[in-house]
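Novice: What follows is each chain in one-letter form.
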Amino acid sequence: MLAFLVSAIRLGMTFLFGSTGETITEKSGHLNLGIPGVMCVGASCGCFAEYLYLTAAKNSANYFLAVLIPIIATLLGGAIMGLIFSFLTVTLRANQNVTGLAMTTFGVGISDYMIAETGSIYSRGSRYFTMSLPFADDLGWFGEIFFSHGILIYLAIVIALVTSFVLSKTRIGLNLRAVGENPATADAAGINVSLYRYAATCTGCAIAGLGGLSFIMDYLNGNWEYCIDEIGWLTIALVIFTVWKPDFAILGSVIFGALYIASSYITGVSFASKEIFKMLPYVVTIVVLIFTSIRNKKENQPPAHLGLSYFREER
Amino acid sequence: MEQVPAIELKNISKSFGNKMANKDVNLTVNRGEILSILGENGSGKTTLMNIIAGIYFPDEGRIFIDGNEVIIRSPKDAFQYKIGMIHQHFKLVDVFSATENIILGLNEKGKYNLKAAAQKVKDISSKYGFEIDPMKKIHEMAVSEKQTVEIIKVLYRGADILILDEPTAVLTPQETQKLFAVLRKMRDDGKSIIIITHKLHEVLSLSDKVAVLRKGEYVGTVETAKTNEAELTEMMVGKKISLNIERSEPKDCVDRLVVEHLDCVDRDGVKILNDISFTAYSGEILGIAGIAGSGQRELLEAIAGLQKVDKGEIVYNNPKTGSHDNLRDKTPIQIRDLGVRLSFVPEDRLGMGLVGNMDIIDNMMLRSYRKGKSAFLERKAPKDLAEKIIKDLEVVTPDARTPVRRLSGGNIQKVLVGREIAASPTVLMAAYPVRGLDIGASYTIYNLLNKQKEKGVAVIFVGEDLDVLIELCDRILVIGSGSITGIVDARTTTKEEIGLLMTKVRDAQGGEEK
Chain V
39 MLAFLVSAIR LGMTFLFGST GETITEKSGH LNLGIPGVMC VGASCGCFAE YLYLTAAKNS
99 ANYFLAVLIP IIATLLGGAI MGLIFSFLTV TLRANQNVTG LAMTTFGVGI SDYMIAETGS
159 IYSRGSRYFT MSLPFADDLG WFGEIFFSHG ILIYLAIVIA LVTSFVLSKT RIGLNLRAVG
219 ENPATADAAG INVSLYRYAA TCTGCAIAGL GGLSFIMDYL NGNWEYCIDE IGWLTIALVI
279 FTVWKPDFAI LGSVIFGALY IASSYITGVS FASKEIFKML PYVVTIVVLI FTSIRNKKEN
339 QPPAHLGLSY FREER
Chain H
100 MEQVPAIELK NISKSFGNKM ANKDVNLTVN RGEILSILGE NGSGKTTLMN IIAGIYFPDE
160 GRIFIDGNEV IIRSPKDAFQ YKIGMIHQHF KLVDVFSATE NIILGLNEKG KYNLKAAAQK
220 VKDISSKYGF EIDPMKKIHE MAVSEKQTVE IIKVLYRGAD ILILDEPTAV LTPQETQKLF
280 AVLRKMRDDG KSIIIITHKL HEVLSLSDKV AVLRKGEYVG TVETAKTNEA ELTEMMVGKK
340 ISLNIERSEP KDCVDRLVVE HLDCVDRDGV KILNDISFTA YSGEILGIAG IAGSGQRELL
400 EAIAGLQKVD KGEIVYNNPK TGSHDNLRDK TPIQIRDLGV RLSFVPEDRL GMGLVGNMDI
460 IDNMMLRSYR KGKSAFLERK APKDLAEKII KDLEVVTPDA RTPVRRLSGG NIQKVLVGRE
520 IAASPTVLMA AYPVRGLDIG ASYTIYNLLN KQKEKGVAVI FVGEDLDVLI ELCDRILVIG
580 SGSITGIVDA RTTTKEEIGL LMTKVRDAQG GEEK
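Respectively, the protein sequence lines represent chains V and H. Residues are numbered in our numbering as their position in the first sequence, beginning at 1, plus a constant of 38. Residues are numbered in our numbering as their position in the second sequence, beginning at 1, plus a constant of 99.
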């Protein structure tokens, strides 16, 4: 049971990166279906940077650099994906769904190449990411659940909390939400709609990229053997599940993690029905969608202008 | 005691393409003064205000603020000169609270503090007598509250010159009175207020001065105390112009369409049609006159089955079967099969009538595709029809295969009206069929409508040019704020009479609404 919970948290925080990133992006009115691709690219950049660093450093690798370098590489990789998305949809006015799906295809391709080329050589780097807090062992089950994780897990929670604060309690957050809700109004109020969309999408994609890194380095212990785009789709579902609230997503992501791995911890589940279990997160998302749609509370709806481009002249 | 005007416009002109929207307009507004701008639709009121608010840039003319010449290039510039405009269509974020909307986009110094902002909103409200809950979400608000938020937004930004574009269009009489009380308080506080309206009684009760525009031209400014309704109406509608439209006597008139006590409510819960009753006779053109947005569109859509009806009956007397059908709960297809045709032609000619990317033949098929029996489309009949329309109505087009979108407005109109008439309706409703058309094309349309009338069709014609309505129609129904304010005989009426009816608001309406 304990192992199940710890595992659920580790997987959940991977989702949390993705959903926080996608929430920021969607708050600006961008529906980025490229998130799976962004996570693939983020993971690829981070893992490869780690590989290069560890190869170069030989045995003198130091903890901070071994963690910091891949994180920065991942952030950069994700942000570049965000930049591509924004450039296509804001500047060139391409359709957001098509652009997003193209980016997913692209990202999956990159990561498939990485797997084929490098395989599971990341277990050495993974040790730095799964290093738990020193006092975790002294606190029994409590320590196991809350303090036994690697750095990325805590980073995910911090980012989610900061995002939640920025969105609801700062002027930047207010402006960003206005851009996603009603860009024409935001524009009239003197807010630079394009700038906000670019910034939010790049930030969101950078954060989402960390989810990919976290999945490989933390959850899989560096054994990268299959494509991780499935994780990306789950994070998009998680955004809907948590009604666009990053603080809700902290709990929501653990629930998603638990549902996703439940089959492995229940005895007597056949290989085929495991796949059915993996479907559960999507089922609860649909249930949440049904409930929020029936209640029709405006606060729990997606940003009103989600998925729509904004051009000032087109009124 | 020569007072320096708060804002002064000198010889402002603005044209869009070759259409003159404003021509040589002069205006002055002093501090502590309310100026009404009066004019029919398309007289250039909103264009003029948009020039002051920095949305449009004038082609010619000069603007002075407090005696200094200024150039207003953008809404931001306007805001710097303390000019604030309250648009007819609110610019608010639905899921935000009033306060969040008010401070949106502001770069105030200091910490982001919603509570302090809410307090400031409260202070402004109590100063001028607004009633508002600063934390209420916009989507929970009634229309009048949303308007209040818009006004406070402008005041919060420190505006001294307020422009309100038809603020009373969405308000009940009681709410209007409240708004006026607030505006008077602002005036006494030394603010300058410009209000666009076409309701005469409001002009007379609220403003200090009235500026009248007619078809983009500046007619003049009069002091409210020294004028009356009749004089203002004449300034607004101008002298009668003879158009020489042929008009035959209606014959064989029988009741074709009887509308009784029709009520409609729009999405915001505002009553858009109020107790409408009239009869359209066969062999007659019934004109509908009114300020745009008074409910003409909704009335036609209700008859065509596109608008939900809340109360009342629409009875259609079928000439073939002699039966009396109630159209109220019928679908548009059922109604169309009975012979009621709606040719709806406001700005969205291509929105409701035709598909812009399809060619003329395909657009003909939109009406006839259901007639085909085989699995494949039958193209012969629509092709013939398209060619007949092109020939008869002199549609200027390379060929019948040209996408409709590429035709000019007048030619699109001919295609649309031609198609509707080809279906030999018994009721033909045309809304603004000549809007944007040149004179020749307009006469073609008038003749078409007249021919339909002679055939015994009940024609309903919604128009905006009073001269046309008076010469083309047999009877004119005047609609004001969703109520019928009068039905007059087109042969004996005058422009002034219709103009007065258009701007009149039936008092009974106030009693019913809360």
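Source of the hints: derived by calculation from the structure; they are not laboratory data. All values derive from a computational prediction rather than experimental measurement. A couple of the hints might just be wrong.
Said to hold, decoys possible - Only some residues are given here: those of chain V computed to face chain H with a beta carbon under 7 Å:
id	residue
1	E219
2	N220
3	K335
4	E337
Even glycine gets a Cβ: it sits at the ideal position worked out from N, Cα and C.
Novice: Now look at each hint and say whether the structure bears it out.
Specialist: Each hint, compared with the structure:
Interface restraint check: E219(V) against chain H, minimum CB-CB distance 5 Å, threshold 7 Å, status holds. Contact between N220(V) and chain H, as hinted, is supported at the beta carbon level, the nearest pair being about 5 Å apart and thus within 7 Å. With 7 Å as the threshold, the beta carbon of K335(V) stays out of range of chain H, its nearest partner Cβ sitting at about 10 Å, so the hint is violated. At its closest, the beta carbon of E337(V) sits 6 Å from a beta carbon of chain H; the interface hint therefore holds under the 7 Å criterion.
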